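Protein sequences appear in the order of chains A and B.
Numbering-wise (our numbering), the first sequence opens with residue 13 and increments by one.
Numbering-wise (our numbering), the second sequence opens with residue 13 and increments by one.
Just so you know, these hints were derived from the structure itself, not from any lab.
Hints are all accurate, no fakes.
In silico negatives: residues of chain B with every beta carbon more than 12 Å from chain A:
hint, residue
1, M13
2, R103
3, Y199
4, L209
5, I228
6, Y231
7, S234
8, R236
9, N241
10, S250
Pairs of lysine-lysine, DSSO-like flavour, derived with a Cα cap of 27 Å:
hint, chain 1, residue 1, chain 2, residue 2
11, B, K159, A, K142
12, B, K40, B, K78
13, B, K169, B, K207
14, B, K159, A, K81
All of these numbers come straight from a predicted model, not from anything done at the bench.
Using N, Cα and C, we set each Cβ at its ideal position, and we do this for glycine too.
Number of protein chains: 2
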Amino acid sequence: MIYELYYWPGIQGRGEFVRLALEEAGAKYVDIALVSEQEGGGVPALEKFLESDFVERPPFAPPFLKAGKQLIGQTPNILFFLGERLNLAPRDAAGKLWTNQLQLTISDFVVEIHDTHHPIGSGLYYEEQKPAAKRRSQDFRENRLPKFIGFFERVLKGNSARGPWMVGARLTYADLSMAQVIAGLRYAFPLATRKALQARPRLRALHDAVFERPRIKRYVASVRRVAFNNDDIFRHYSGLDR
Amino acid sequence: MIYELYYWPGIQGRGEFVRLALEEAGAKYVDIALVSEQEGGGVPALEKFLESDFVERPPFAPPFLKAGKQLIGQTPNILFFLGERLNLAPRDAAGKLWTNQLQLTISDFVVEIHDTHHPIGSGLYYEEQKPAAKRRSQDFRENRLPKFIGFFERVLKGNSARGPWMVGARLTYADLSMAQVIAGLRYAFPLATRKALQARPRLRALHDAVFERPRIKRYVASVRRVAFNNDDIFRHYSGLDR
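So that you can see chain A by itself, here it is in the shape it has in the complex:
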């Protein structure tokens, strides 16, 4: 099986959570964002599925994954599917649900991170919503960021299998996503994130354990990894960090 990942070119975005799972597992996949339009990749390839009336089960938005004839949308749904196949989720039903629950909480967190710079509308420029972004970011730094970070640290602490991961003794896709969120937060809100992680040794250790894994290291060092940038979910505007 060669998977095809469909996502916007030029940003990590939500596609990155899927890429990290595929890369960690050493799965064969084509990242359509890295394929030129001439060769059938890029934005037109996405739009074919988003706008066509011939897709019976269409995705609402990227990312989506093509696995044979199956087209799967929504990041946590894609990861639920891949977790089983790539051995990045527990085998028992309760463990699968718990991993999914963590991933959904990470997704909620990601929406709130995104909305710090886009509180009024995702179709408007940041420059059109700067005062609102400043207020929302303040609420995020003071309330939401510590709340989410505290929750995930507590999950790590509560995992009776001592180790760096959130679910039992083995790495899951939720750990990969969590590490990616920490990396993104450090890029976007370096000051607030340093403060929020100060008394959170387990989350810092999880981040390091993920980015030290050989396949993840190789991936991050490769041309396949797009750098963090200010067209993405995680954006660094210093005015929003203080």
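Chain A is fixed; fit chain B onto it per the hints.
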């Protein structure tokens, strides 16, 4: 099995998506929001799980469901679990994923509906963010609402099993949630929703088909159904509807 549903008292909120599934299936459950604090219900019962260090797999926020010893959080995750048990989801793996994908898209929609009146912060009052709410609502009415509504109508149109439902020929939990969202939108944005649904006969028919089901009718007429109100996700502020 008697399920226990934990959610904030006084509002429908995200708990309602779970209630509709339990009610449609005729499942036995205790709605902890309707149990008095003296009898172990209400907010203290929620907080016991949200704040305790003794819960190994804690929920981040309500709703959460207690099923025997299992504690399950995140609305789409609860519904994934219940869908299987209550026969409100397809039996095949691809159908389960597709139903989950629709539910996740409904969840995204619900976040955006909520944020029309709370674009700056969920911990602040609406009155503290009225100008931002007005701008966000305009973007919602003009762009996001038609986009989501158009997507779900297309899903209904694309379902080759002719009938009122989104997935195959049988009712799923995603249909119940979709009908609830339409009811909520009609309460919150009566003008914008009428316009958005004008050329969407399939969504209107889905709404009616859900609310005509005997168990749902009985539930909605009962004291168990909290009325829509302005402390909830769906709020009616006429200034945000035009």
